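A.B. asks: Under our numbering, the very last position in the sequence shown is 809; numbers go up by exactly one each time.
Do not take every clue at face value.
[To be verified] Each pair of labels, with its calculated beta carbon distance range:
hint: 1; residue 1: F767; residue 2: A731; range: 37 to 45 Å
hint: 2; residue 1: E749; residue 2: D807; range: 38 to 46 Å
hint: 3; residue 1: Q722; residue 2: P803; range: 34 to 42 Å
hint: 4; residue 1: D741; residue 2: R788; range: 41 to 49 Å
[Unchecked claim] With a cut-off of at most 27 Å between alpha-carbon atoms, the simulated DSS-like pairs for lysine-lysine come out as follows:
hint: 5; residue 1: K751; residue 2: K792
hint: 6; residue 1: K744; residue 2: K792
hint: 7; residue 1: K737; residue 2: K751
hint: 8; residue 1: K737; residue 2: K792
Honestly, the hints are just simulated from the structure, not real lab data.
From a predicted model like this one, the values you see are computed outputs, not experimental measurements.
Beta carbons are placed, not taken as given, at the ideal position from N, Cα and C, and that holds for glycine.
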Amino acid sequence: FGATSSLDDIAVAQQEMQINYFAPLAIIKAFYDTLKQHSEEGKNVAVVNVNSIASYVNFPLGATYSASKAATHSLTQAQRRDLKFASVVGVYPGPIDTDMA
709 FGATSSLDDI AVAQQEMQIN YFAPLAIIKA FYDTLKQHSE EGKNVAVVNV NSIASYVNFP
769 LGATYSASKA ATHSLTQAQR RDLKFASVVG VYPGPIDTDM A
């Protein structure tokens, strides 16, 4: 994703939202009962969301990616409030040089 996305390609924006926002939301939903049970058993429970510095700083041709990561940032903040039995953290890496984009 990243610099290859633009406001002209809604399909890319939808895929970015699916991967960056809806997938983490679905994972939490799938494991919610197990996480809560572990917490009730006295085990440490943590949720770690991979966010991005792009949720704060936008870059050229990255509007839809940044928006999807901003949604993940908001999800992390909401989970921190709602999942009181777990430590909820977001990791915000900067640019990573890969062959993906």
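A.B. asks: Of all the hints numbered above, which does this structure not satisfy? Sort the numbers upward.
C.D. replies: Checked against the structure, the hints that fail are numbers 1, 3, 4, while the rest are satisfied.
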